[in-house]
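J.: So the sequences go chain by chain: A and B.
The first sequence begins at 1 in my numbering and counts up one residue at a time.
The second sequence begins at 1001 in my numbering and counts up one residue at a time.
Hints should not be assumed to be uniformly reliable.
[As the list claims (entries may be wrong)] Once the Cα atoms are required to be at most 20 Å apart in a straight line, the calculated EDC-like pairs of lysine to aspartate or glutamate come out as:
1. A:Lys214 <-> B:Asp1292
2. A:Lys20 <-> A:Asp276
3. B:Lys1188 <-> A:Asp292
None of these hints come from the bench; they were simulated from the model.
The lines below spell out each chain.
Protein chains: 2
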Amino acid sequence: MSILVVGSIGFDTVTTPHGKVEDALGGSATFFSAAASFFAPVKIVAVVGEDFAPSTLDFLRRAGADTEGVSVDKGQTFRWTGSYGAEMGDATTHATLLNVFQEFRPEIPHAYRGEPFVFLANIDPELQLRVLDQVEKPELVVCDTMDFWISGKRDALVELLKHVDVLVINETEAKTLAGESNPIRAAKAILPMGPSRVVVKLGEYGVMLIGEDKIYRLPAFPVEEVCDPTGAGDSFAGGFVGKLAQTRDLSFEGMHRALLAGAVCASFTVESFSMDRLKGIDRNAIDERCRDLEHIAGWTWSALAV
Amino acid sequence: MSILVVGSIGFDTVTTPHGKVEDALGGSATFFSAAASFFAPVKIVAVVGEDFAPSTLDFLRRAGADTEGVSVDKGQTFRWTGSYGAEMGDATTHATLLNVFQEFRPEIPHAYRGEPFVFLANIDPELQLRVLDQVEKPELVVCDTMDFWISGKRDALVELLKHVDVLVINETEAKTLAGESNPIRAAKAILPMGPSRVVVKLGEYGVMLIGEDKIYRLPAFPVEEVCDPTGAGDSFAGGFVGKLAQTRDLSFEGMHRALLAGAVCASFTVESFSMDRLKGIDRNAIDERCRDLEHIAGWTWSALAV
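Pulled out of the complex, with its shape left as it was, chain A reads as follows (with noise of 0.2 Å):
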């Protein structure tokens, strides 16, 4: 099964205690794919600027992405620049250059319009909308977003998300969405609104998977050195969605089961910057980690022990 992806590919200047890259490759679409295209073909629909190197997608469709639904116009990249306390918590950010992005209308190329798996990346709604107007009746629709369209196009959110299967949502946003203090009284209002399951991201902590009247909870992969947490959400996102496109095993237990391969894209990302970490694994490298996770969370002794 392959996925349609729509989101931002840029270049991110970033400052972490371990650093600074400048004009790195980033984006949500870019982080998805990365991590998403280790498990199944991606379709990527995003826009570029004339300054982007075509060679700089190379790696996406040597792992079997199809690039053709990225666009060049007139300008430059989309640019942002942030850096990272010793915490590595939320980043604060410096700079956002929208250039092309501005004008960013998401056309879905026919090809692209039955793909059975889409992932709305974190983009204004409206835009998200606009593509599900564009594409067949999808499998599996999962969607992100942020707090800048929780507070900016609340309305366009609240209609998108009727239309949406799985929303992946950070804990804070989660609680500002929901007006919840509390991030499983947060997950559970949000069911209502539209997707049948809600993945909470706790950051360093894991996700919370919530829906059916049941909660299942994650681990992350425990990294040591944290070299830069961009990209960890949407290679997160990459990863459980590629994982569902793989088995296509859409049940709660499923999609339990594929948190793995995103928590374990998320923690090869943060290994470094930009997507250097997971450019230079393979499929193995991530299997073992999933395997290591699983010891971690205990499902692996508790599975021998029965």
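Starting from the known structure of chain A, arrange chain B on it as the hints suggest.
T.: Chain B in isolation, oriented as in the chain A frame:
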């Protein structure tokens, strides 16, 4: 197997977004014992003042706890006043009246000195050392501590850790003790100080167990309405050590499994002020929630799926 616990008994005046209690039963030895007593007999060494009604501890005695080691000194019982904000993070302390606790020099009754399990609740590490001087070689020594001692009595704490098997410590304290910003590196840096296992409490995100080159994680039981976090850490330790005393399985995997009981006791504690919720439940309620948490953590279905 029974457990010797040495710690504080006091009265807490606590304000949270859910209300306020005045002079409610609190203290590290009390919360620990309320939880541990579900699993094993507890022998308590602590001090109270003349204002402490002996019947206050009846509920522990009914649960099989031995309170002969609770001495009554001239003066008032230890009192703490604190509050929690909407996010229910760390407490803000408004007043600490040590009262009789100021002169507390734990004397372990002879009948208690051969106890196989010892829990040193969070008190001055010099006093914790004094306890260990008085007991015969226990099978398992578990201890807790806090920032106050980590910075104020570091030498005594470092000496104590040489004689401890398991250190139970919260994330911030582990980082401070180890001088590390990452919780995994922090726990790994603590191991050479003495304990063969370190349990890092991650608050609402659960716990991490580190040792023997292994890491295990367990999520917290998801609580939708946290009424008062006071005592969560001590009742976590009570459930954990109590379960170990019941199973006597001190293997790394046995400890991972025992974390369940700790997490569940903590979850009941935070659902009310003081020990009210723990007092109102029986072992069946604990076991049922343990099974729920196994399911939430993925232990159950992954076992079934194998």
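J.: All hints, please: hold or fail.
T.: For each hint, the structure was consulted:
no., hint, in the structure
1, A:Lys214 <-> B:Asp1292, "holds, 10 Å"
2, A:Lys20 <-> A:Asp276, "holds, 13 Å"
3, B:Lys1188 <-> A:Asp292, "holds, 18 Å"
Going through the hint list in order, the structure satisfies each hint without exception.
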